[in-house]
Amino acid sequence: MLVYVLKRIAGSIPTLAIIVALSFGLVRLAPGGPFDEEQALPAEIKANLQRAYGLDQPLPVQFGRYVRGLLHGDFGPSFKFKDFTVTELIASGLPVSLELGALAMLAAVLLGVPLGVAAALDHNGPGDRLIMGGAALGVAVPVFVVAPLAALVFGIYLGWLPVSGWEPGKLADMVLPAATLALPVMAYVARLARASMLETLRAPFVAAARARGVPRGRLLLRHALPAALTPVVSYLGPAAAAILTGSLVVETIFGLPGIGRYLVQGALNRDYTLVMGMVIVYAAFMILMNLLVDVAYAWLDPRVRPGAGH
Amino acid sequence: MSAARSLWRDALRRLAGNRAATASALVLLLLAAVALAGPAISPYTAAQMDFSSMGVAPGLHAGHWLGTDRLGRDLFVRVLLGTRLSLAIALLATVVSLVIGVTWGAVAGYAGGRVDGVMMRAVDVLYALPTLFFVIILTVVFDRSPALLFVAIGAVGWLTMARVARGQAMALMRREFIEASIAAGAGPARIVTRHLVPNLLGTVVVYATLMIPQMILVESFLSFLGIGIQEPLASLGNLIADGAADMETAPWMLLEPAGCLVLIVICFNFLGDGLRDALDPRSA
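So the sequence lines, in the order shown, correspond to chains A and B. Read in our numbering, the first sequence has 33 at position 33, and its numbers run on one by one without any break. Position in the second sequence (from 1) plus 310 gives the number in our numbering.
Careful, some of the hints might be misleading.
Claimed, not checked - Label-pair ranges, simulated between beta-carbon atoms:
hint, chain 1, residue 1, chain 2, residue 2, range
1, B, R431, A, F205, 30 to 40 Å
2, A, E44, B, A457, 50 to 60 Å
3, A, P95, B, Q540, 29 to 39 Å
To be verified - If we take Cβ atoms under 7 Å as the criterion, some of the chain B residues that face chain A in the derived model are:
hint, residue
4, I447
5, L458
6, G536
Stated by the list, open to error - Pulled from the structure, derived: some chain B residues nowhere near chain A, Cβ distances all over 10 Å:
hint, residue
7, W318
8, L336
9, A342
10, A343
11, V409
12, T449
13, M483
14, L535
Everything labelled a hint here was simulated from the structure, so no lab data went into it. The beta-carbon is built from N, C-alpha and C at its ideal position, and this holds for glycine as well.
Could you put the whole structure together from the sequences, leaning on the hints where they help?
Here it is in structure tokens:
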């Protein structure tokens, strides 16, 4: 198992390297530079700025310098948030984004799985129809529609929850953003859990357990549920991606100072170093999530456990 | 040839029997027709400001069926134009990604062996990347034009199609008619274009129908964030963003484009599911 984990970590290094090279290359393909403002700068000032940021060096030198910086946790200076380095911006936003993402992920799984199982147990009944209808809607309605609507209904009409702003440690600020972020993922998890639970309940090993006289609760929780969970676990990688992209919208709408908002602002301001740094952080996070999912998958499903059957 | 025609006729018959899919197809056709014709019939244009009725709620009396935004622009016209642009970008992006994906997959499936390995490894690596973030880099780096947007979205959307096409192509390569064709002296180009790609069409149609709503969502997501379609052009995404900004005083500005978007996405999903069942009865 440890060898498997180490192998997967080693395998993800080339992917990360490609991501760094690709984002660096794309940004340098840009026609015009970060200092091409509407009011043209005098030539000497522009040359000075470029020298200060190292943009006058040949590309391979710039790339080498950027990679060396990355290895030391230095993403370079932000071009538009003057006086801030990208690393500082990431460090200030990351805790907020992590809290938001973790809450959304937890809510999606902890509510989605029971809903899906409940629908499966009531196969084709009214509860099943209701849950699956809701799930179909939840999958189709994008976060950027749900978020403003939720803010309108719960924040403004009902006045139950704060609509925007964030204070450290205040959970109420996180409820609406995390809930909207969780909704589509929860809907998808419910669908997956229902489908795989239905399949598992028809599997011979469940029938065998039932024949042995295993009580119903134990049958569901100990025998059927773990087997039915594997598709949900393998969906957690894509789910993390969905939550990451959704967080760009949610952080912007609810005014949370996370890294998603910095990425959007960086993109709007054409702040190249900021966008590159954010993309690299997101990509690294995605790779880490996929790694964790694979490991969890191997742990849950003996058939794909490395070394099994050899 | 007659066998191919009857396969499609069979599929069409099965599709017609699926009420949700048929209704969705009709709704989409109707919506597309209105989006194409509507702006020409309407007395207003997208950018025209009616200073006597700014921020008017939907209704018949003011001459603006769906109301106006805070600048007095007619929302009926703007929602229709937005729908048209969003649909057009999604369709073009889907075509781009299908052409790349099917070609890539068919060639990999045809070649097999080491070529296949290298081509699919490339797909695997790209798959691990957060594609949407690369679209964001592209929009930052290049000018934000609708043309770039669909190329960028399409360029990252072809991966799934490549995988599916490759799997199908590999299965086809083991079939007797391909073997017969190779025995008769057909070259690689002929095998790929005359035998593999036509036989992939059924799968391609299903994936296209399921891909269009994804593309619409990506486009409106970017436009919502302000890095996609820019004012004064209207797309569903930037109309929703506009509406979200004014939702306290003018909720219809949010609800109309959002409702339109959700309707389109749900209809395409139903239609895609119906097509999948119709073209592949085994999976139903």
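Given L458 (chain B) as an interface hint, is the shortest Cβ-Cβ distance to chain A below 7 Å?
Violated. Min distance 12 Å.
Given as non-interface: W318 (chain B), which should sit over 10 Å from chain A by C-beta:
W318 (chain B) clear of chain A: closest Cβ-Cβ about 28 Å, beyond 10 Å.
According to the definition I'm using, a residue is off the interface if its beta carbon is farther than 10 Å from all beta carbons of the partner; does M483 (chain B) meet that for chain A?
28 Å, holds
Taking the Cβ atom of P95 (chain A) and the Cβ atom of Q540 (chain B), is their distance within the range 29 to 39 Å?
33 Å, holds
Range first: 30 to 40 Å. Now tell me if the beta carbons of R431 (chain B) and F205 (chain A) are that far apart.
Given about 37 Å between the Cβ atoms, the range holds.
May I ask you to check that T449 (chain B) keeps its beta-carbon over 10 Å from the closest beta-carbon of chain A?
The claim is violated: T449 (chain B) sits with its nearest Cβ about 7 Å from chain A, within 10 Å.
Confirm or reject the statement that L535 (chain B) sits farther than 10 Å, beta carbon to beta carbon, from all of chain A.
5 Å, violated
In terms of Cβ atoms, is chain A entirely out of 10 Å range of A343 (chain B)?
22 Å, holds
Checking the smallest CB distance to chain A, is V409 (chain B) really beyond 10 Å?
Holds, because the least Cβ-Cβ distance between V409 (chain B) and chain A comes to about 22 Å, which exceeds 10 Å.
Claimed clearance of chain A by A342 (chain B), with the beta carbon kept past 10 Å
At roughly 18 Å from the nearest Cβ of chain A, A342 (chain B) sits farther out than 10 Å, so the non-interface label holds.
Return holds or violated for the Cβ distance of E44 (chain A) and A457 (chain B) against the range 50 to 60 Å.
37 Å, violated
Using Cβ atoms only, decide whether I447 (chain B) comes closer than 7 Å to chain A, and label the hint accordingly.
Since the shortest Cβ distance to chain A is 5 Å, the answer is holds.
Violated hints for the displayed structure, listed by number in ascending order: 2, 5, 12, 14.
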